[in-house]
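Since the structure of chain A is provided, determine the placement of chain B on it from the hints.
2 protein chains.
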Amino acid sequence: MATCDHTIHGAHHHFGWDRSIPPVAAVAPGDSVEFECVDASGGQLDAESTLAAIAELDFDRINPVTGPIFIDGAEPGDAVKVTFENFTPTSSGTMGTAKGFGWTANIPGFGLLADQFPDPALNIWIYDAADFTPALYGPGGRVPLKPFAGTVGLALAEEGLHSVVPPRRVGGNMDIRDLTAGTTLYLPVEVAGGLFSIGDTHAAQGDGEVCGTAIESPMNVALTLDLIKDAGLKTPRYTTPGPVTRHLDEKGYEVTTGVGTDLFEGARAAVAQMVDLLSAQTGMAAVEAYMLCSVCGDLRISEIVDQPNWIVSFYFPRLVLD
Amino acid sequence: MATCDHTIHGAHHHFGWDRSIPPVAAVAPGDSVEFECVDASGGQLDAESTLAAIAELDFDRINPVTGPIFIDGAEPGDAVKVTFENFTPTSSGTMGTAKGFGWTANIPGFGLLADQFPDPALNIWIYDAADFTPALYGPGGRVPLKPFAGTVGLALAEEGLHSVVPPRRVGGNMDIRDLTAGTTLYLPVEVAGGLFSIGDTHAAQGDGEVCGTAIESPMNVALTLDLIKDAGLKTPRYTTPGPVTRHLDEKGYEVTTGVGTDLFEGARAAVAQMVDLLSAQTGMAAVEAYMLCSVCGDLRISEIVDQPNWIVSFYFPRLVLD
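Residue numbers (the numbering used here), protein chains in the order written: chain A, 69 to 390; chain B, 69 to 390.
Hints in this document: simulated from the structure, not taken from any laboratory. The model shown is predicted, which means the values in this text are computed figures rather than measured ones. Treat the hints loosely; a few may be bogus.
All copies of an identical chain are treated as equivalent in the list; a pair is satisfied when it fits inside any one copy or across any two copies.
Here are the computed lysine-lysine pairs in the DSBU-like style, where the Cα-Cα straight-line distance is at most 35 Å [said to hold, decoys possible]: (1) Lys319 - Lys167; (2) Lys297 - Lys149; (3) Lys302 - Lys319.
Extracted from the complex, chain A is given alone in its bound form:
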């Protein structure tokens, strides 16, 4: 990776979206930028953290994003074009730079099955920082890694501070696991300069991020920011340069379904049944199976037209436990 035109240090992060936050840099369309991204806990968790740290989490420091960046010439109606170039894990504590670190937690009150998993749980992942070698899951399994940034967005037109938790039409905490190196993302601009920020880097995640967390892992992200004038874009869109699931799909999938009139309840049913299936097959505790589903299993809508019942399917890649 060649040196980027700009480096934005991790100290330049903010909590939530607010168009009044002053930009930390201005860039020209086509410039490359390297962002140091703090992990989603804002540094409250590290490779030595234990379960007690989940209970002590300060939610005011959750999900910092690095930025914002003013893109010269960006005006409402344009789109910012983001090309992801490279993800580099940063080290944690005493582990040294050769290793990457990540955490996955069940945080009480958060996640698709929060009612079924009221107790906190934590798994620490250590992986090879050079090549993102598949990470061992303590309770069993080996998860292929494919890093991306969970939160990528621009400032909203509406004034005031907006929570970082929900994604919106300008992007934000989208948690789209295919925003990996080589992918191009388009975001609609609502304020002058766009005011781009990024964070919440993940070493791996499944579609849905069902337990609410991925493999949360601090990384530097190198990307190029460009501008499409008068793009007429309503919500984010993206282009992947190649396959998106080949790191997972080689041995096929175990799949559970939810059948009914509501897609959200269908997703809950499909995931709950996969948790039961994995627990029965491996002896893993249910909450461990749930967290494993979050980092590598995928929610898909199999059909959405056979009234009044839709089918949501949850795909768990068999190679993880093979």
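Same frame as chain A, but now just chain B:
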């Protein structure tokens, strides 16, 4: 493909699910069965059909299923294990046996964007029956084929006739595009013998089947029926022996998103924006883009935990138009 233990002729089809329909055959667990499946129009459409045929469709003859089959020893609480072995297209009209035929239609009042596409539309596909060579789409594009049966199910415990349209906990019109050769499907048994039927064969479909139809194509299906006693299964589940999207993914995807509090509306927004994008990129009429999305594009739930906004993404495989 070796000869199956049983052959069920296409004349043995029924409309809707009803536990009182007498079985057309009884099989032992482990038996192989070949089913002749009529297409979803019940033979009302063929390779020479024109748009006028959509207006004249008799909906009482829609979606016939071949069966039912009594599986010896099957009792409520068991699961029927279905292993799909082979799909063989049947010929239509004067086309000869070397060619397979399929149809995709926009049927007024049916489909995810029915409000936006009120007029009927029809595309006839002709493909190589021997190897399912990618099918040309008249308005532009080439769609890789991967045949499966859209409707696979058992009889419901509740007496009376139940519409074939919605899938239910015993399966039915699931339209799960990964129920292809080699895949194993498990269905919960609710009546003695299970009463298995199958139909609605598709040469290709995307996750969601967004316009309401796939490449609807008459085929013979060879499969094995087996029995798992006391399976404790709530809804269908399945196991794929290998990758599920490699026929589509080589050149990556164009992806649009829907962001909001409702997954159904998110899916509608994502598909509508893909229709706009494909129309703009290719000059294809919107309804043609919509039908093309239905046969090869995929609805995925990117995140379902960042309250209150979820993201549904629609993945269109770039190799189709490349």
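Consistency of the hints with the structure:
1. Lys319 - Lys167: both (28 Å within a copy, 32 Å between copies)
2. Lys297 - Lys149: Answer is within: at 10 Å inside a copy they meet the 35 Å cutoff, but 55 Å across does not.
3. Lys302 - Lys319: Classified as between: cross-chain Cα gap 25 Å, same-chain 38 Å, threshold 35 Å.
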